[in-house]
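If you're matching them up, the sequences are chains A and B in order.
Here the first sequence is numbered in my numbering, starting from 1 and rising by one per residue.
Here the second sequence is numbered in my numbering, starting from 1001 and rising by one per residue.
FYI, nobody ran anything at the bench for these hints, they're computed from the structure.
A portion of the hints provided could be inaccurate.
[Stated by the list, open to error] List time: in silico SDA-like cross-link candidates among lysine to any residue, alpha-carbon distance up to 20 Å:
no., chain 1, residue 1, chain 2, residue 2
1, A, Lys292, B, His1304
2, A, Lys292, B, Asp1269
3, B, Lys1331, A, His258
4, A, Lys292, B, Arg1298
5, A, Lys292, B, Asn1305
6, A, Lys292, B, Gln1328
[Stated by the list, open to error] For each label pair, taking beta carbons as the anchor points, the in silico distance ranges come out as:
no., chain 1, residue 1, chain 2, residue 2, range
7, B, His1388, A, Thr378, 55 to 63 Å
8, B, Thr1247, A, Asn364, 25 to 33 Å
9, A, Arg82, B, Tyr1120, 44 to 52 Å
10, B, Gly1288, A, Ser83, 21 to 29 Å
[Said to hold, decoys possible] Far from chain B, some chain A residues (derived; all Cβ distances over 10 Å):
no., residue
11, Gly52
12, Gln61
13, Gln110
14, Asn111
15, Asp113
16, Asp121
17, Asp215
18, Glu250
19, Ser263
20, Pro264
21, Gly301
22, Ser394
23, Ala416
Every residue, glycine too, gets a C-beta built ideally from N, C-alpha and C.
Here are the chains, one letter per residue:
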Amino acid sequence: MSAKKETLVLLLAGGVGSRLNILVQSRAKPAVPFAGHYRIIDFSLSNVMNSGLTKVGVLTQYKPLSLMRHLGMGEAWDFTGRSRGLKILPPHTGFQDSDWYKGTADAVRQNIDFLEKNPADEVVLLSGDHIYNMDFHAMIEYHRFKKADVTIGMMVVPMSEIYQFGAGVIDDQNRIIGWEEKPEHPKTNLASMGIYVFDYKYLLDSLYRDKAEVDFGMHILPRAIDNDNVFAYPFYGYWRDVGTIQSYWEANMDVIRHDSSISPAGWGIRTNIEADGRPADRPPARFTNDAKVSCSMISAGCVIRGTVVNSVLAPGVVVEEGAIVRDSILFADCSVGKNSIMDLTICDKRVKILADSVVGSGTNHDFPNIKQPKHLYTGISLVGKEAIIPSGVSIGRNCIINSHTQESAFSTKEIADGETL
Amino acid sequence: MQKPSTLAMILAGSRVDKLDVLTYYRPKSAVPFGGFARVIDFALSNLLHSGIEQVAILSQYRSYSLINHIGTGAAWDMIGRNRGISLLPPFKDNSDNVAHADWYRGSADAVYKNLDFVKYHQPEEILILSGDHIYKMDYRDMIVYHHQKDADLTIAFVQVDKAKAHRFGVAAIDSEDGETGGRLTNYWEKPEDPETNWASLTVLIFKPEVLYQALRENQKTVSFEFGRDIIPQLMAQGKKVYGFKYTGYWGYTGTTEEYWQASMDLLGDNPSIDMQAWGLRTNMEHRGISDAQPVLIREGAEIHNSLVYNGCIVEGTVRNSILFPGVQVEKGAVIEDSVLFFNNHIGANCKLNKVIMDVNSVLGEGVCAGPEIASEANLVTLIGWNNHIPDNMCIGEGATIYPNITSEQWGQVKRIAAEEVLR
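Next up, chain A with everything else stripped away, as it sits in the complex (with noise of 0.2 Å):
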């Protein structure tokens, strides 16, 4: 074997993604299903995959049992082999007690052991929470070529989003000349994608600098912007952070329209759909003479008896007879009941909807949830994993069901808009 140096992936798969709402109650942001079979993080590891980097750890924290189980020995993305290879690094006690990651670059530092072992030219850093399709190859040639000690992915967004972001300003040789971190009034449109390329021993030495600094988009950048070379790299084309329920509705319609950007078997996207445990060779999806589909993803395992629209639906999801679903995800093995009707919904796994039930019933799409106004106020309807909705049960907009919702849990026929159960 040869001793050449290589790239190193580190994937940041900790984050909590909060604004997800009951999507992440179980589970952390990257292992969030998304478009049929897939899971978030899909997207940058076959990145990483098709970038023909070879050796990833990835960062755990939050409710990570979902997220491991889902990248197994990381076989599904080419992982295994003998100088390949995919390790999970979960937070561990050091010297003091309760060394939870106090922020991304607090996180790396802890696994600091792990960049030791495996020396390489360079890091690349990234998140697993973001949809998009990049050629990490050409990002490192990039970084040598302007031998950067840093160079961090950026594109343009809408102003009116920037405060959501890290934010750079660059001259005219791509050199990042200034930033902010989520600025309130920015003074630029080009954000941070969250993906860096760090001269390894540069990432080292940063680390080894200061404990204090715990967060690379807050500490480490602002300090290597003001005394290093960092640059940044041009990315145009799809991205996505899909954070907020709105966000993440958006991207999965995206997959369907027939004009669109994002194609996860074009941009060779590889999943493990062998997770949870079961089988995955389920047959194909069976479309019985009523049935009616249009403008959706269907997957394997789906049984549809009655009408879908503009929806995605994850393995193993049976729509009955006379049912209608429309502008809704559904995750894996869903059912929904004779003549019963979702609308503008996202379903959690194995959620039950029984005969004769409306799910986003009403227009009220304004009017927000009572108790997160902040996560759902677009009109959309969610449900919780295995959760059971009642026979002739009316549910209206901006509604929240939550995981493992028994029938006795309804004591009226009806949930008005913005309510929570």
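Using the hints provided, position chain B relative to the given structure of chain A.
Chain B only, in chain A's frame:
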């Protein structure tokens, strides 16, 4: 840990001429079936669900596709300390005796040539089955019956349409155990005028010593088939041969017409073949089907009474059909009563009626195959793999297109008449 007592041997070597272009490049057992699987998956899944953990596959015709499909056997949970799947291809050794080493001259010869392998496993019973049939069976019930009767050989039989019985091994079974089974009083291999309608499923359980001796004796003859030679031989010797009566669905895919019919049995409100309920397992790595994205159904598409697997993109109309991974159906195209294998591209406004299409072909715009849509088709129209069929080509009902027809050849063809063979 208990040692597995049953050794299963799957006969997967044959080509079957009547499947025509579908078996030019693969054995019959590796023919795609059910929108994502292969025919042999039914036998393998039955073995998995029957808890039979030592399996050998006898294969000699174009086995590449089959070897790929079996992989490590992990898909059927057949790797582990006491579990294993072995592919047994024909081999040469240092003897000149073809009885020891050479091509398999028949199913019985194939097993005979691998007796070393068989004896190494010291099985208590040897289960020999065909990899070519579509059915769901728990072999343990039959093994129990075999031991209850202390039989030398137990064979599974199913009742078929008497008019078709002449194609199979047929038996007269006495009523010793009523609906469970009975002793064979007579056996005819492919009789011209069958006296009963009990057809052999080619599922046989042998007492090991009986099998060894029968195979040794059979070597002195010139024909080496279980159905034609071994069973009649044991009957003639007065051995204890029992019939085990099977009553479930049995799909026989010996001709393209039968293959088509068995495929149609996957459809309908209560399909005779329910792959989900049967727990059918396949190797998701084969042809990378685990990487296919879910089906995309575009505006204006219509899909009725059909199975469509991941990787398909449908813009046209699909009725009573089965689409394997990676099939694209463009706008205005109508697919009816058809089975389209992996990665076929159907151009705009194509009309397909009762067509079986092997993998990797492209139909240009406006291609017609089979009789007019909605009219009753009698014959299957067959399209072999790797064809690029030019725009507006008309292919008559029952025609056969060989694989790999060159573009020069297509240039000289204006239309293909009914039942014509283009090679």
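Against the structure, the hints come out as follows:
1. A:Lys292 x B:His1304: holds, 8 Å
2. A:Lys292 x B:Asp1269: holds, 16 Å
3. B:Lys1331 x A:His258: Answer holds: Lys1331 (chain B) to His258 (chain A) is near 13 Å, not above 20 Å.
4. A:Lys292 x B:Arg1298: holds, 12 Å
5. A:Lys292 x B:Asn1305: Holds - the C-alpha atoms of Asn1305 (chain B) and Lys292 (chain A) are around 11 Å apart, at most 20 Å.
6. A:Lys292 x B:Gln1328: holds, 18 Å
7. B:His1388 x A:Thr378: 55 to 63 Å: Roughly 47 Å apart at Cβ, these two residues miss the hinted range, so it is violated.
8. B:Thr1247 x A:Asn364: 25 to 33 Å: violated, 58 Å
9. A:Arg82 x B:Tyr1120: 44 to 52 Å: Once the Cβ atoms are compared, 32 Å apart, the range 44 to 52 Å for Tyr1120 (chain B) and Arg82 (chain A) is violated.
10. B:Gly1288 x A:Ser83: 21 to 29 Å: holds, 23 Å
11. Gly52: holds, 18 Å
12. Gln61: holds, 29 Å
13. Gln110: holds, 34 Å
14. Asn111: The assertion about Asn111 (chain A) holds, with a minimum of 30 Å to chain B.
15. Asp113: holds, 34 Å
16. Asp121: At about 30 Å from chain B, Asp121 (chain A) clears the 10 Å cut-off, so the statement holds.
17. Asp215: Holds, because the least Cβ-Cβ distance between Asp215 (chain A) and chain B comes to about 36 Å, which exceeds 10 Å.
18. Glu250: Non-interface label stands for Glu250 (chain A): nearest chain B Cβ at 17 Å, farther than 10 Å.
19. Ser263: About 8 Å separates Ser263 (chain A) from the closest Cβ of chain B, which leaves it inside 10 Å; violated.
20. Pro264: Given a closest Cβ separation of 5 Å, the condition is violated.
21. Gly301: violated, 7 Å
22. Ser394: holds, 28 Å
23. Ala416: Given a closest Cβ separation of 34 Å, the condition holds.
Checked against the numbered hints listed earlier, the structure breaks hints 7, 8, 9, 19, 20, 21; every other hint is satisfied.
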